[in-house]
Amino acid sequence: MGMRHGPRGMFGGKDKRSRPIRVLLGRMFGYLGRFKRIVTIGAILSLVATIVSVFDPLILSIGIDLVADGNSTFNTLLMLIGLYILIKVTAWILFGVNTWILAGAQAGFVQNVQEDVYNHLVEADLSYHKSEQSGNVTSRVTTDAVSLGTGVQVIISFSSQILMIISSFLLLWFAAPALALTSLVVIPGVAFVAVLFGTVGQRIMLASQRAAGKVSGQIAENLSGIHIAKAFNREKELAEEMLELNQQSYKHGFRFMILMSAMQPLVRSIGQFATAAVLFVAGALAVGTLPVLTIGQVFLGVILVGRFMWPLLMVVMSFAQVQASMAAMDRVSDVLESTPSIADSELAISLAEESDGISFEDVTFSYVKDTPVLKNVDFSIAPGEMVAVVGHTGAGKTTLAALVNRFYDPDSGRILIGTQDLRETTLDSLHNTVSLIPQEPYLFDDTIFENIRYGRPGASDEEIIELCKIIGANEFIEVLAEGYETIIFESGKNLSAGQRQMITIARTMLADPKILILDEATSRLDAYSESLVQDAQEKLFANRTTIVIAHRLTTIANASRVFVFDHGDLIEEGTHEELLALNGTFKSLYDTYYAHQGFEELTEEAAETAKEVVKDDTKDAVPAGPGMMGGHGGMGGMGGLGGMMGMGGPPDPEKMKEMIKNMSPEQRKQMLAHKDMLPPPIRELLEKLESGEES
Amino acid sequence: MASNDNGISKTKSPSRYMLGGLIRHPLSITLATILTVVSILLVTIPTVIVGLAVDELEVGGLSTQFVNYVWLIVGLGLLYMAMYFVVGYIWAVVTLSWERDARQDFFEDLQDYSMTFHDEVDSKRLLSVAMQDISWVRFSLNPALRNILGGFASIIITGVLLSIIDQTPGLIVLFVIPFINVPVGIFTSIILVGTPIYLLYAYKYANAVEPVRRQRSEVMENLTSRTQGVFQGIEVVRAFGKEEHEQAKFGEVSKQYEKRVAREGQLAAFYLPALILTAMTTIAFFYGGYSVWTGIITKGTLIQILGLLVALEMLNFQLPHMLLMMRGGFVNAQRIVDILSWKEPMIEPEEEVAEINWLGDIEFNHISFKYNTTNGNNDHYALKDLNIKIPGGYRVALIGGPGGGKSTVLKMLLRLYDPTEGEVRIGDVNLRDVRTSTVRDNVGLVEQDIFLFRMTVHDNIAFGRPDATREQVEEAAKRAQAHEFIVELEDGYDAMIGERGMTLSGGQRQRLAIARALIQDPKILLLDDSVSAVDAQTEFLMRKALDEVMVGRTSITVTQRLRTLIESDLVIMLDKGRLIDAGCHDDLLRESELYRRIFERLPGAKALLAGVAIKGGAQ
Ligand SMILES: Nc1ncnc2c1ncn2[C@@H]1O[C@H](COP(=O)(O)OP(=O)(O)OP(=O)(O)O)[C@@H](O)[C@H]1O
Ligand SMILES: [Mg+2]
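Top to bottom, those sequences are chains A and B. Taken in order, the first sequence gives residues 8 to 702; the numbers are from the working numbering. Taken in order, the second sequence gives residues 5 to 623; the numbers are from the working numbering.
The shape of chain A in the complex, shown without the other chains (with noise of 0.2 Å):
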């Protein structure tokens, strides 16, 4: 089903409606159908409401009648009295129940298509998502589901108004059927109308939802703009450009407006017309030498006449009503009719408990056909291993993480966790076990505690501070007003970046999948506050498998492998050492990201001191203190030899293996711990050392 549509503003929708008009009332009915009983009640409360009260008139011209050939009794008078307060009483209540079950049956109605579109749109590919504006996607659930509410109104109270033209016409026929004759010269005028509105109407008044929802866009994203705009002082421009799209608004909601205010004296003259036209007809029937009608048929005759102007106005009226809400069943057509392609398939088994490790077999994928984002990548995880993906920007590393997780089935080739291929697995056992923490941070509307429970259901509050404060996330949560009862505010504007992805993190390591991923988690973190949810994630998630993407090159410290892609393509792959000796991207990825750490510029007098700092800190290395950064203690006393790296051309392999030999073991110990830190070769060589030592 074609659900990818332009962008469009709040009340934004497409012009042409693709179904018939019998389909979309089908569907209206279809739904309708599920309040059979109250619809019926109502439908038959309605026909007997009309009828009974379609008799008053006859009762006033009965009374005329009767009053004026003098040969009635006062008895006679009140007897008519009774009569017609009965009908009226009786109409009365009967449209009052009436209405008060069809006002249920509507809200229910309107609530069942609300519930329906969105359990589709729930699970919708997200690619619809992706290609609209979330404020489109909802306004499907609320504007949409509304006009239809809308919608059936008119139609119910259409038809009771069409039965009550057509009840005072048989009246009028049965009592006088030349003046029922008569009252038809309205026709001609009424058909003027409808033609009118339903033509000329419908145009002006979709342009002008074109324009509300052009005005609506705007103040949306001027809104959400509006810090730009007051950092730029450029609030008056927008305001001009504003004034524009309101003006143009305005012109078409004039022009639609004149058209409804068009329409109220069009038929009410109308129906004086008909008046007239009665009145002369029953005029010249009620005189002469053989009267065919009475003065009371007389009366009853432009009474009834007058009654039909009403209800035709109405009907009229609610044209352009209908058609708007036959619109609005067209969009929300569009969206049950679609069928989600990502969904388990009638074969899908769970995600077995022993399945674990990711394997990419010949994958190709593209979001728009012919551009492929991923090309035939292959490549497997053990259990239990870590991953790093890195690349430039736009090499398809996130989708790489989508694909993971099923948010799209590859164009061709197998995505496999263990042996079981993921288009066979239901998704329910595979988001159970996989778990992504995306590289933009969203949060609910919601407390933080709700937040990061999101992750667990089941979680207590005294879980999640605990893993709060493994992070590091306890920390600035503590002192917030509210603290973990915060209420988060528009997808989080109430908290800073770095707070936005700790929540993030608590959220998915709360979870505690099988498999994570990790796309730039930590971008907006400090690199303390990275370092920390490192630890953490070392210590919980050790022996998992994971795949971390990242472009900061500390982030992926400790992957035990690295995946290279570029535009596109695996273009290398192998542990760090082999990568660096393989001279390739990664290395002149490496080589670039750390000459721009800002090290080769560093000056003699900067490295005298960095050193002497380094040597103070040897004296007194701090332990971890629960100051703000409680940090993990000096780093002092570590000799190595990275420092080379930095300082000038390559490093003389005899002096190197001269400065390692004359290090205590302490020294290489601690140089091993950052030994990701070091060029392969004196890797090797310190790793030779300190095992020949062991030995």
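Honestly, the hints are just simulated from the structure, not real lab data. Being a predicted model, the structure only gives us computed values, none of them experimental. No false leads were mixed into what you were given.
16 Å max Cα-Cα, derived EDC-like pairs, lysine to aspartate or glutamate:
1. A/Lys243 with B/Asp109
2. B/Lys246 with A/Asp435
3. B/Lys128 with A/Glu497
4. A/Lys243 with B/Asp116
5. A/Lys243 with B/Glu112
6. A/Lys500 with B/Asp453
7. A/Lys243 with B/Asp471
8. B/Lys253 with A/Glu457
9. B/Lys263 with A/Glu122
10. A/Lys243 with B/Asp113
11. B/Lys253 with A/Glu130
12. B/Lys374 with A/Glu489
Here are some of the chain B residues that sit facing chain A, going by a computed Cβ distance under 10 Å:
13. Asp105
14. Tyr117
15. Lys246
16. Arg267
17. Phe274
18. Tyr275
19. Ala315
20. Glu543
Here are the simulated distance ranges between beta carbons:
21. A/Asn439 with B/Asp573: 50 to 60 Å
22. A/Pro298 with B/Gly299: 19 to 29 Å
23. B/Asp495 with A/Arg210: 24 to 34 Å
Where a beta carbon is used, it is the ideal one built from N, C-alpha and C, also for glycine.
The hints should help you fit chain B with the ligands onto chain A, whose structure is shown.
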């Protein structure tokens, strides 16, 4: 709603707000009202004419007089059509232009409110007020008020016509209005007594809608915001397999909404005033019938009386609906006024300090700052007793953990917020004494999470200087290292940027934002550069860009880059809103335990320190 006690606000009453548009065009509305009365008269008179015609029929048969009556009805119909169209036209102009202006004013007011306001009020709510609530207020004027006025006119005219009939000799006179000596009979009394009762009940009926409508709006708001939240975060929902959970939650909210909708719909049932009208007609029928029976009035007159009252009954079709609409509109107006009566705590100085040395020293004088939160009582300080002096022209680096207050410091300097306590001084001028627009002309910001508008690349860069030429834009883009990737875009500088800059990578967005800040040539440049999700290549380009742009300005950079720290003239460390330490890199490294701990965590620092140590030791 809002909770500031020490600000200014422009409060209005909801009814004044509602009628604001009408009051602004007193002549048009008076004219329209007069025309309404006249045109209602034109549709009411025919009922009288029908009565006259019937009497004529009985006396003179199908006389010319009778035929004239018929033509009169047609003529009046035509006249009515023209006249009522004019009425509709006037109302359309007046109310729609009110709606347009109200929306524009509302938007401009929102823009003028300081960030404190936008922190407190949900932008989704603002949007729905700007669109729906304002529309509903307009509905309550047109068609609601317009039709209600028409209804009143019908009642009054009917009353007047009935009182004329009451003058027929022989009918009971209940009392005589003193001074003008007009006798009041049964038919007039029906209107005189019935109408107030009718209106009283109609008013009660309409009033009942208020709480229901309010609740309905609130539930709808809740439903919208939840739904939107879930769709925005659909990836999170999926990743945790929470679809069913969310569906169940939605089911609950939508059931609540269902209840409110049903409740509001049910209000329309049993419209009591309808019975009152019936009672009025019945009495008239009874007394009229009796009078014809006794021969005091003619059949025609009875037809007139009944015709008039039956026509009045037609009001039942429209009036209840319109009354609800009007009363509901009042609720909406209340919501709008609530927002507009927010008290603005940020006050622009009456008179601005004339000469400000923007390159002078920046001083934070015992600054404490609290964000206002939705529920009002916030005792969490984002900044606490911050006291520091930044010499003009310095390059400053700002570091600290998540929520340390770094971004907040930058926002203070842009005067997006005023400090809760203490003062910010630039070149020895208190920022409170400088207009926000002047501050923002001289201070440029590259924010943490870059926001780009749905405009072309050119317009986004030229955002702060709409009159900039293409050359100037390109120049800025080049200096920000953005030119190269821009020319590679399909439409180059005319490429449209998608919602929230979705189609550009983080690094590209940041470079556009740098260009956007540069084109303003700010004296003080603020960079919230703490997102590290850019690749090494981009980082290199960005460093180049930043080096370039910091020359000749005071710059403050929030950073995680080692190199920035080393190159800065001053490093400021913040934690949980407090100043931990400040000084140049070398000094800090030597003197500050905490700085060393942070420093060693920075990428590359370990290797660096290690290298230094070895080198030193080897010599
Ligand atoms: N709009 C806001 N409303 C309420 N509280 C806020 C708002 N913005 C920030 N805060 C709070 O103020 C404190 C400081 O936030 P700030 O954004 O200045 O931190 P930061 O140092 O920039 O952190 P990060 O490194 O994560 O960006 C935090 O505790 C945060 O929760
Ligand atoms: Mg920040």
